[in-house]
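Engineer: Mind docking chain B on chain A? Use the hints.
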Amino acid sequence: MKFGLYGFLFAMWSLIIIGGGMMVILLGPFSIQQYGDFHWIIASGIKVSIALILVVIWILILSKLKNYIFKKELKF
Amino acid sequence: MIDLIIPAIISCILAFSVVYFTTPPLIKILVKKNYTVKDMNKKQDVMVARPGGISIILAIIVSEIILYSFFQLNEIIAIIITTTAAFAIGYVDDRKVMGGWFKPVTLAVAALPIIFLGTYDSNLAFPLFGDVQIPLLYLGLIIFMIPITGNTINSIDVLNGVASGFMVIASFTLSICLFILGNYEIAIVSLPLGFVSLAFYKYHKIPSKIFPGDSGALAFGAMYGTIAIVGSVEIIAAIALLPAVINSFLFLSSVKRVVEHRQIKGKPVEHTDDFKLKATTDKKAPVTLVRLILAGGPLTEKQVGFVIFKLGIFSGMLAIITAFMMGVSL
Chain A
2 MKFGLYGFLF AMWSLIIIGG GMMVILLGPF SIQQYGDFHW IIASGIKVSI ALILVVIWIL
62 ILSKLKNYIF KKELKF
Chain B
598 MIDLIIPAII SCILAFSVVY FTTPPLIKIL VKKNYTVKDM NKKQDVMVAR PGGISIILAI
658 IVSEIILYSF FQLNEIIAII ITTTAAFAIG YVDDRKVMGG WFKPVTLAVA ALPIIFLGTY
718 DSNLAFPLFG DVQIPLLYLG LIIFMIPITG NTINSIDVLN GVASGFMVIA SFTLSICLFI
778 LGNYEIAIVS LPLGFVSLAF YKYHKIPSKI FPGDSGALAF GAMYGTIAIV GSVEIIAAIA
838 LLPAVINSFL FLSSVKRVVE HRQIKGKPVE HTDDFKLKAT TDKKAPVTLV RLILAGGPLT
898 EKQVGFVIFK LGIFSGMLAI ITAFMMGVSL
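These protein sequence lines map, in sequence, to chains A and B.
When the letters of the first sequence are read in order and numbered with our numbering, they come out as residues 2 to 77.
When the letters of the second sequence are read in order and numbered with our numbering, they come out as residues 598 to 927.
Since the hints were derived computationally from the structure, they do not count as laboratory data.
Zero decoy hints are in this set.
Below, in silico cross-link-like pairs of lysine-lysine (DSS-like), each with a Cα-Cα straight-line distance of 25 Å or less:
#1 B/K806 - B/K630
#2 A/K65 - B/K853
#3 A/K72 - B/K881
#4 B/K799 - B/K640
#5 A/K65 - B/K881
#6 A/K72 - B/K880
#7 B/K875 - A/K72
#8 B/K853 - A/K72
One chain only, chain A, in its complex shape:
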């Protein structure tokens, strides 16, 4: 059980590192120029959407991992 919790912590940490890398790669170079003064608002809106999608994917993976690691313990 205790090993499972440490494993889950390590998995969360790994997901943060990988997810962060994906954010930098996907959002870092992203920019829009052709909409005049509003380009930064549109670019920010798209960045927010991508970030939210990444967070949702992160939570889904974490839920699957939780069910896999704690499948015995979660039969409450």
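Structural biologist: Chain B in isolation, oriented as in the chain A frame:
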């Protein structure tokens, strides 16, 4: 360097001493006024003083004002205002039963001084991969971060000494990471949080003489979150807090909505005849970190606390590794 060492020593001594010396009289006053709650994990009817947040916030304000007299940083003002606001929000919740919306919404408002004082950097730094600039998204992150850290610390305040003991580990980890990253001024500004938590742990550890209450737990969490933002160590701070994050994640993914603990019907944990803690088989009860720890069999309150502390130390080590990884670029 001596310019940094003297304020650091003075503020740390003050932070520790104010809690150490004001908490015993505070306990007497609270007991006299009948501001006590039953310790649910004791066999006998033990009444414990609450809230200890009063001595916690006093120590934070005194030590941070002293630091401001040396550094004149807007970051310190942001920490004082946001933490005091979080304390006030928690104090209202300690005195009156508020709805589930109250703490998240008001804590989001408490985060606004960080934005108005401009004490943030909208570049979010990740290990190995570098920074990403997210100006609009970062404002949302600030608004969300303070309610999350506040409620996350509040959610692990379920056993004697756990919230303050865990805070000692997480906050000193954050200070070490800030030193590793060379952010010395904010590292020194963060040190009082660890010393306040350490002094409070003396009275909060099993058997508790005082509980921090929502006012203390939210003050701890809000100060931690504010330091993470003004020190640009949001990711590292989240990693150091992972055991408490797991607790909130397990709770929310089993309950599937934002709800106060008192509104939950099923009990995740019960007591054995010798008053050890034991996981229930109630399917309606939320999954929590304590319930998962107890899935292997009954443990005493002290043993569960130590398992949480070991998890805190493990995630603290991951946070320090992450701080070193910040200097490495792929």
